[in-house]
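Participant: As a plain string of letters, each chain reads:
There are 4 protein chains.
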Amino acid sequence: MQTMSSSSMQQCIDDCLNCYRTCLQTAMNHCLEAGGKHTEPEHFRLMTTCAEICRTAAGFMLSSSPLHGPVCAACAEVCRACAQSCEQIGQMDECVQACRTCMDSCRAMADGIDMGNFTGQARSTSTLQDRLPM
Amino acid sequence: MQTMSSSSMQQCIDDCLNCYRTCLQTAMNHCLEAGGKHTEPEHFRLMTTCAEICRTAAGFMLSSSPLHGPVCAACAEVCRACAQSCEQIGQMDECVQACRTCMDSCRAMADGIDMGNFTGQARSTSTLQDRLPM
Amino acid sequence: MQTMSSSSMQQCIDDCLNCYRTCLQTAMNHCLEAGGKHTEPEHFRLMTTCAEICRTAAGFMLSSSPLHGPVCAACAEVCRACAQSCEQIGQMDECVQACRTCMDSCRAMADGIDMGNFTGQARSTSTLQDRLPM
Amino acid sequence: MQTMSSSSMQQCIDDCLNCYRTCLQTAMNHCLEAGGKHTEPEHFRLMTTCAEICRTAAGFMLSSSPLHGPVCAACAEVCRACAQSCEQIGQMDECVQACRTCMDSCRAMADGIDMGNFTGQARSTSTLQDRLPM
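Residue numbers (this note's numbering), protein chains in the order written: chain A, 123 to 256; chain B, 123 to 256; chain C, 123 to 256; chain D, 123 to 256.
One thing to keep in mind: the hints can contain errors.
If chains are identical, the list can't say which one is meant, so a pair holds when it fits in one copy or spans any two.
[As the list claims (entries may be wrong)] The calculated lysine to any residue pairs, modelled on SDA-like cross-linking and capped at a C-alpha distance of 25 Å, are:
1) Lys159 <-> Ile211
2) Lys159 <-> Thr148
3) Lys159 <-> Val218
4) Lys159 <-> Pro188
5) Lys159 <-> Glu216
6) Lys159 <-> Ser186
7) Lys159 <-> Asp215
8) Lys159 <-> Ala195
9) Lys159 <-> Ser129
10) Lys159 <-> Gln132
11) Lys159 <-> Asp233
12) Lys159 <-> Gln219
None of these hints come from the bench; they were simulated from the model.
Sequences are here, hints too, so could you generate the full structure?
Facilitator: Now the structure itself:
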């Protein structure tokens with residue numbers, strides 16, 4: 123992982139903290155106030171635990187932990203499930219987008235793929251997702 | 123994971139919170155005060171990030187997250203590395219033991235193996251570790 | 123704070139981690155599954171943020187932070203509000219008890235009062251609460 | 123606190139997450155690698171616990187907790203001590219700045235002062251600090 127460019131890791135930290143913020147704020151405001159399917163246990167648990175693992179993955183990278191790989195892999199898996207759940211419920215586009223962007227970054231970080239050439243808009247396109255072994 | 127006995131999960135939560143507590147308290151007191159190899163970056167990073175992932179894994183199980191599996195798997199991996207680093211440095215027996223117990227519990231939780239029959243002293247013996255696909 | 127007996131601090135860490143565990147597990151299981159007033163935004167926010175500040179207060183004490191006082195004071199205030207909210211809703215006795223025990227410990231820790239003589243059953247009686255300047 | 127403008131709270135969340143990130147990354151990289159006074163227990167504990175309370179204060183505000191006030195007050199106090207410690211050690215300007223900006227935001231949030239007119243460069247000047255009852 124020593125060859126991972128520092129800018130890729132800083133981008134992944136950004137994506138994790140953004141996903142943490144979006145998921146927690148949406149769960150504790152939009153979901154709690156809307157109720158109904160928004161507070162259905164499985165969906166709500168995905169929202170808050172997605173926030174938690176994103177925050178933890180960011181912490182591993184900020185700490186230069188040699189074991190950020192498995193944590194980023196777990197984070198990508200939780201983000202994928204959270205994005206899917208938000209998409210099924212509908213009208214949660216900001217959350218879907220934050221989860222997908224974070225999933226892509228974390229998946230690449232876990233696999234040691236340098237995302238340096240894929241920053242910006244391209245990062246969350248299906249083209250990149252197709253390239254990744256998820 | 124629905125067939126996992128509740129007592130196994132409660133035991134794994136106990137083991138994670140105990141490992142969180144032991145690693146953080148040891149790092150921030152014993153290691154910082156001793157200095158030398160105890161504050162060597164790679165060792166110290168393992169100690170504090172091990173505390174962090176243990177706390178997060180406990181949070182996933184307390185929240186009944188359907189995705190506690192990959193998080194427990196990551197936790198087991200970090201605990202293994204932390205136990206090994208503590209063992210190399212020496213005189214960190216309490217930390218080594220807490221990490222190994224947590225590693226065993228989390229590995230079994232990730233694999234969906236019910237540890238119900240292995241509670242107590244047996245949980246951290248090499249016999250059990252040999253049985254687990256680590 | 124250097125005169126605070128170590129056993130008082132270890133007891134306060136225990137009380138914080140127990141309150142963290144009780145509040146998070148109750149919110150994410152009992153409350154989410156019951157719905158109704160249990161997922162009413164203000165109550166639910168108190169439950170999850172109480173878990174969060176308890177975890178943080180424990181972290182400050184585990185780290186021997188010289189500034190655990192103001193964090194324990196904030197924790198006591200959140201625990202008090204959470205206990206009150208749980209009591210109004212009813213049938214949340216375990217949570218009420220965990221919050222009150224943690225509130226007493228944290229309040230004493232913030233004030234530099236050694237709870238060493240009040241451990242055990244006596245800690246959460248109204249007698250003790252009356253003695254504390256809350 | 124209901125009259126606090128939403129933009130002030132979003133700014134305070136930004137400042138807390140920025141301070142979390144700066145303190146944790148600096149402690150786990152710059153400080154651990156430099157050693158000496160950088161890993162002196164009291165300084166290092168301030169760095170990591172400052173990161174922790176900043177993260178928690180952000181979480182309270184993201185969750186719209188009615189009790190973010192006392193948590194922001196505790197955060198401001200820890201940030202002040204951390205900024206002072208970093209300044210004494212020297213060559214930690216980014217950390218000093220992040221702590222002071224966060225301290226100002228959190229102090230105003232705790233006091234219910236709307237920082238809306240003080241955003242931008244002015245927020246961390248001594249003029250503003252003089253106005254705040256710290």
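Participant: Evaluate each hint against the coordinates.
Facilitator: Do the hints match the structure? See the list:
| no. | hint | in the structure |
| --- | --- | --- |
| 1 | Lys159 <-> Ile211 | both (7 Å within a copy, 22 Å between copies) |
| 2 | Lys159 <-> Thr148 | both (14 Å within a copy, 20 Å between copies) |
| 3 | Lys159 <-> Val218 | within (16 Å within a copy, 28 Å between copies) |
| 4 | Lys159 <-> Pro188 | between (40 Å within a copy, 17 Å between copies) |
| 5 | Lys159 <-> Glu216 | within (18 Å within a copy, 28 Å between copies) |
| 6 | Lys159 <-> Ser186 | between (39 Å within a copy, 18 Å between copies) |
| 7 | Lys159 <-> Asp215 | within (16 Å within a copy, 28 Å between copies) |
| 8 | Lys159 <-> Ala195 | neither (28 Å within a copy, 30 Å between copies) |
| 9 | Lys159 <-> Ser129 | neither (39 Å within a copy, 29 Å between copies) |
| 10 | Lys159 <-> Gln132 | neither (35 Å within a copy, 27 Å between copies) |
| 11 | Lys159 <-> Asp233 | neither (35 Å within a copy, 30 Å between copies) |
| 12 | Lys159 <-> Gln219 | within (20 Å within a copy, 31 Å between copies) |
In this structure, the earlier hints numbered 8, 9, 10 and 11 are contradicted, and the remaining ones agree with it.
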